[in-house]
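**Student:** Chains as they are written, first to last, in the numbering used here: chain S, 5 to 254; chain C, 2 to 450.
FYI, nobody ran anything at the bench for these hints, they're computed from the structure. Glycine included, every Cβ here is placed at the ideal spot set by N, Cα and C. One should not assume that every hint holds.
[Claimed, not checked] Which stretches of chain S does chain C cover? Using the computed rule of at least three CB atoms under 8 Å from a CB of chain C, they are:
1. 70–81
2. 88–99
[Said to hold, decoys possible] Heads up, simulated DSS-like pairs for lysine-lysine below, C-alpha to C-alpha not over 27 Å straight-line:
3. Lys363(C) - Lys342(C)
4. Lys14(S) - Lys141(S)
5. Lys106(S) - Lys342(C)
6. Lys399(C) - Lys14(S)
7. Lys157(S) - Lys128(S)
8. Lys399(C) - Lys171(S)
9. Lys399(C) - Lys56(S)
10. Lys157(S) - Lys342(C)
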Amino acid sequence: MLEIRNLHVKIADEDKVILNGLNLKVAKGEVAAIMGPNGSGKSTLSYVIAGKPDYEVTGGEVLLDGVNILEMAPDERAAAGLFLAFQYPMEIPGVATMTFLKAAMNAQRRQRGEAELTTPDFIKRVNKAADLLGIPKDMLRRPLNVGFSGGEKKRMEILQMTLLEPKMSIMDETDSGLDIDALKIVAEGVNARRDPEHAFLVITHYQRLLDYIKPDTVHVMSRGQIVKTGGPELALELEANGYRDYQSAA
Amino acid sequence: MSAKITPIRSAAESALIDRFPALKASLPGLPALRENAFAAFAAAGLPTRRVEAWKYTDLRAAMREAAPLAARPNDAEITVALKGHSPLAGQGVVTLSFVNGHHVATAGALPAGVSITPLAKALAGGHPLLSRIGALKLVHGDLALSLNTAFMTDGAIIHVAEGVTVDGPIALRFVTSGATAVATAARVLMVAEAGSHVMLVESHEGQGALAHQPNTALEIIAGDKAVVSHVRLGLNSAGAVALSTLTADLGSETSLTSVNVALQGAVTRHQAFVRFSGGDARAQINGATLLSGTQHADSTLVVEHAAEPGGESRELFRTIIDDEASGVFQGKIIVQPHAQKTDGRMASNAVLLSESAAMYNKPELEIFADDVACAHGATCGALDDELLFYLMSRGISKAEAEALMIESFVGASIDFIDHEPIREILHALVRDWLQARAARLNAEAPTVS
């Protein structure tokens, strides 16, 4: 599904190197977790995959189903089936959540050459997904993320993921700032989409989220590289020992 | 010995000064008010950039010639002027139409407790509220308003009786039309008595590209506990040099919301002069301006807190500037010595969509009381890259994402309008503007062969 080969990334207009020959594979149907200390490049990795312009890729490839997506604009990557749940979702005053959701869903459908959704079909889909995630209807009428709590914003990310039906979803520290109830709802949203067709890359600092989203694979990231790969037991080991061993190993 | 300086008059100034003596005989009513206003103008002339209040909008340079004051249109001219579609058509429970500053039609039933008299009729025949015109003493004199006062031809006096809630907007449609450029000077006074609730919407529509010179003024006098909302839509002719002034005199515990949406006109200036005459009033004064080409739009605001408790003023001006257009925001909050507990907050935010776009922000606070909370903020920049990336990461194209962000940006100001259909109409006009921009960008883009 997702394959990253020898990815080198620096901050645009600066010399600071963030990713330093990173290799990663996420197979179809797999839930992979990336754990790592602060500053190891986890969020940068998610941004680079999604196409944020602040970074310069100096080497390597990011393949989605065998196609290098690095030359694609962020909207084209989304239409190709990629989704990034943001650590800090943005607020858009003056644009109702429903308007935004419809714009996003139809933009992707247009890019894929599919027919736009009819309004009743759109509303039906949103209501179904909102019910599943415990999102009250009045939140959908409000401007996107404006005045939402941290937990509400994250739930809104999961709602977008559910509606946009990506094949590859990246969760960038979705657990940060969440209380345990919100965490469970977010995890349920991810788990509901787990099947042999979809893949997830869950980026987290703490093991806690992985109690609710059980990963197939755990990667440890340090200094812009994946330095160790293992099963779920690796997350527990990190929780017990911390990142000390890996910070010096890289 | 002092040297007597004779200023060199511009063609426009000379024309205005020459025309007044002849016109004043034909313009009925309020001779002293007109004379005084004219004298103020004659002494100062058209303001240039050397006049601080007009520093960023050189009216003398913009108005080289004074277009003739429009005569009352004939039936054929009225038909032509009114046949175009008005964006706010059908929104008023009662709608007054004006062509070239002259009242030509009233449609709809007058709501109970409301009286409306065309100003020309009131000026000619007398009206109990005539003495309220021009009665609000402004902290600073103003030349645009002086010119309107000297030459005011027609307009309306609107009276809303005590305690009356008007069930729907009172709409005023001003159309400037004709084969040659004209000057107009419409004046509206609305007295909303104590405890009344009323919404007033104005649209200013100019046809074609002519350099019309509308100069309109609206005076709102709000009695204690009155709730007034006001919307002004500026769709002047493409070449227009358009001046408009809102004055508001707020009684105790009144609430005023005023939103000015400026879209068309070569050089436009909207002024709002708001005085908190009674204690504990509240005002929300907003602007939403979208400019392209070489348009220039000026929003000038003076809010004077002159009672105790000083009340709460909020100002939110949002400006989008494309191409070589330029925008101006001059906002001043004055807190008089006794206006303790005043809470004033003013924000002007501009987004520049091109390298050659320009914005001039001049926020000012003049505070003479010691127990107040006042703040101002002015920003100017490009569209937020982080937000653009967020939207694009959801599959939305760059052009569509920018359009959503622009609509969101000015929508934040428009959304204070507590009337959903009108709010939606204004949003739709913003989207029209964005579509026109997209079409321009597509036309400029190199064609791929």
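**Student:** Taking the hints in turn, state whether each one holds.
**Tutor:** Hint by hint, here is what the structure shows:
Given a C-beta distance limit of less than 8 Å, the hint that chain C covers the region 70–81 of chain S holds, as 4 residues qualify and 3 suffice. Counting residues of the region 88–99 of chain S whose beta carbon lies closer than 8 Å to any beta carbon of chain C gives 8, which meets the minimum of three for the stated coverage. Restraint check for Lys363(C) and Lys342(C): satisfied, since their Cα atoms lie roughly 24 Å apart, inside the 27 Å limit. In summary, the hint linking Lys14(S) to Lys141(S) is not supported, as the alpha carbons are separated by about 42 Å, beyond the 27 Å threshold.
A distance of roughly 45 Å separates the Cα atoms of Lys106(S) and Lys342(C); the hinted pair therefore is violated under the 27 Å criterion. Between Lys399(C) and Lys14(S), the direct Cα distance comes to roughly 24 Å. Compliance with the 27 Å bound is thereby established for this hinted pair. Note on Lys157(S) and Lys128(S): the hinted pairing holds, with a Cα-Cα distance of about 21 Å set against a maximum of 27 Å. Note on Lys399(C) and Lys171(S): the hinted pairing holds, with a Cα-Cα distance of about 22 Å set against a maximum of 27 Å.
With a C-alpha separation of about 13 Å, the suggested pair Lys399(C) and Lys56(S) falls inside the 27 Å cut-off, and the hint holds. With a CA separation close to 36 Å, the supplied pair Lys157(S) and Lys342(C) exceeds the 27 Å bound.
The structure fails to meet hints 4, 5, 10 from the earlier list, while all remaining hints are met.
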